[in-house]
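Asker: Please build the complete structure, drawing on both the sequences and the hints.
Number of protein chains: 2
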Amino acid sequence: MKFCSHCAASITVKIPLDDSRERHVCDACGMVHYQNPRNVVGTIPVFGDQVLLCRRAIAPRHGYWTLPAGFMELGESTSAGAARETMEEAGAMVTMGPLYSLLNVAHAEQVHLFYLASMTSPVFSAGEESLEVALFSEHDIPWQELAFPTVKQTLEWFFIDRAAGILTGNHPVTVRSRDILPAEKI
Amino acid sequence: MKFCSHCAASITVKIPLDDSRERHVCDACGMVHYQNPRNVVGTIPVFGDQVLLCRRAIAPRHGYWTLPAGFMELGESTSAGAARETMEEAGAMVTMGPLYSLLNVAHAEQVHLFYLASMTSPVFSAGEESLEVALFSEHDIPWQELAFPTVKQTLEWFFIDRAAGILTGNHPVTVRSRDILPAEKI
Chain A
1 MKFCSHCAAS
11 ITVKIPLDDS
21 RERHVCDACG
31 MVHYQNPRNV
41 VGTIPVFGDQ
51 VLLCRRAIAP
61 RHGYWTLPAG
71 FMELGESTSA
81 GAARETMEEA
91 GAMVTMGPLY
101 SLLNVAHAEQ
111 VHLFYLASMT
121 SPVFSAGEES
131 LEVALFSEHD
141 IPWQELAFPT
151 VKQTLEWFFI
161 DRAAGILTGN
171 HPVTVRSRDI
181 LPAEKI
Chain B
1 MKFCSHCAAS
11 ITVKIPLDDS
21 RERHVCDACG
31 MVHYQNPRNV
41 VGTIPVFGDQ
51 VLLCRRAIAP
61 RHGYWTLPAG
71 FMELGESTSA
81 GAARETMEEA
91 GAMVTMGPLY
101 SLLNVAHAEQ
111 VHLFYLASMT
121 SPVFSAGEES
131 LEVALFSEHD
141 IPWQELAFPT
151 VKQTLEWFFI
161 DRAAGILTGN
171 HPVTVRSRDI
181 LPAEKI
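Protein chains in written order, with the UniProt record's numbering: chain A, 1 to 186; chain B, 1 to 186.
Derived from the structure by calculation, the hints contain no laboratory data.
Heads up, some of the hints might be wrong.
Per label pair, the in silico range of CB-to-CB distance [as the list claims (entries may be wrong)]:
#, chain 1, residue 1, chain 2, residue 2, range
1, A, H33, B, E128, 17 to 27 Å
2, B, S10, A, F71, 19 to 29 Å
3, A, D140, B, A134, 51 to 61 Å
4, A, K185, B, H171, 31 to 41 Å
5, B, M96, A, L17, 22 to 32 Å
6, A, A57, B, F136, 50 to 60 Å
7, A, S137, B, H139, 49 to 59 Å
Selected chain A positions facing chain B (Cβ under 10 Å, derived; list incomplete) [to be verified]:
#, residue
8, Q35
9, N36
10, F71
11, M72
12, E73
13, G75
14, E109
15, L135
16, V173
17, T174
Derived pair list, reagent style BS3-like, types lysine-lysine, alpha-carbon separation capped at 27 Å [said to hold, decoys possible]:
#, chain 1, residue 1, chain 2, residue 2
18, B, K2, B, K14
19, A, K2, B, K14
20, A, K14, A, K2
21, A, K14, B, K2
22, A, K2, B, K185
C-beta: ideal position from N, C-alpha, C; glycine also.
Answerer: Quick look at the structure:
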């Protein structure tokens, strides 16, 4: 059972008269409580030829490695949120680059957005949500211990595009994008 | 006053112990009710050298012209949501292209995402949320009667990039992006 956040009456799931899909509608005041996907924003922090990863200190995927990322907050932009998460989780100051990947995770009701980002110095530290933070060269990436398919896919694309020479700043960056399926595992 | 959607008790706005910003927290069950920005997804539907616009039949900006767009729904991807809105508002079937613009509208707690899209035929019709729908050449765009700054900015970028020959399908498309300021008016 759900309750109305506006008047505390009970909620019924039904299709409103002027709508085509089921919504959470208050039985007393009639307010429709819409639900929408949330954005997870993060970076690919690059220092030299290395990428910065965080080992998660929280569920889900405790102990697995991730790019710094988290839920976008009210009042910030996607890019500012990605920079904030990079500071909070990895203690790293970055110069933000362009959007690099957009991954739809419909079954988790999320959209994951990763930005290219440059570290101006090799300064980083584990935030409260990280067990450790470290720079990895391509051949050292812990592919079997990555936390999420969106992180794995973004890193795969990144190393392919970097090898092709299209992430040098002299080329326009095309956003990589695809849908993540429920069955996908690391 | 707000109420907990889980147990109907009262809500207090405060910073939880393990957090750094104010949240809506239930006084009884302790549930934190997170609030996050919502995505508005739409298309730039192109037929020949023309772009399809809808005149809004609903608030806000009733009577003003917009690209077809609306709130992304649970269970769909950004691209699928943009195609759905194009069918619902403009009655147009499109072949979806790449992401073209990402505009942060922090004061409205929204992110606007527009995809390039091709109409395979000049078939369209006004949906319930549109007064009329029409194809416009660049010199006929009703610039003074556009509904939102994100639509105006996306159309401006589109015509600049098209004139520069970089939307032909032979070039990688770079996502155009910027933050919309509260003071911006059409």
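Asker: Decide, hint by hint, whether the structure agrees.
Answerer: Hints and how they fare:
1. A:H33 / B:E128: 17 to 27 Å: The hinted range 17 to 27 Å holds for A:H33 and B:E128, with Cβ atoms some 22 Å apart.
2. B:S10 / A:F71: 19 to 29 Å: Holds - the Cβ-Cβ distance for B:S10 and A:F71, about 25 Å, lies within 19 to 29 Å.
3. A:D140 / B:A134: 51 to 61 Å: About 56 Å separates the Cβ atoms of A:D140 and B:A134, which means 51 to 61 Å holds.
4. A:K185 / B:H171: 31 to 41 Å: 36 Å, holds
5. B:M96 / A:L17: 22 to 32 Å: 31 Å, holds
6. A:A57 / B:F136: 50 to 60 Å: 53 Å, holds
7. A:S137 / B:H139: 49 to 59 Å: Since the Cβ atoms of A:S137 and B:H139 sit about 53 Å apart, the hinted range of 49 to 59 Å holds.
8. Q35: At 6 Å from the nearest chain B Cβ, A:Q35 passes the 10 Å test, so the hint holds.
9. N36: Since chain B brings a Cβ to about 5 Å from A:N36, closer than 10 Å, the hint holds.
10. F71: 6 Å, holds
11. M72: With Cβ-Cβ at 6 Å, under 10 Å, it holds.
12. E73: Holds. Min distance 7 Å.
13. G75: 5 Å, holds
14. E109: Holds, because the Cβ-Cβ distance from A:E109 to chain B comes to roughly 5 Å (cut-off 10 Å).
15. L135: Hint violated; A:L135 Cβ to chain B Cβ min 26 Å, cut 10 Å.
16. V173: 6 Å, holds
17. T174: 4 Å, holds
18. B:K2 / B:K14: 13 Å, holds
19. A:K2 / B:K14: Given that 27 Å is the threshold and the Cα spacing comes to 22 Å, the pair holds.
20. A:K14 / A:K2: Between A:K14 and A:K2 the Cα gap is close to 13 Å, so the pair holds against 27 Å.
21. A:K14 / B:K2: Distance of about 22 Å is within 27 Å: holds.
22. A:K2 / B:K185: 39 Å, violated
The structure does not agree with the numbered hints 15 and 22 stated previously, though it agrees with the rest.
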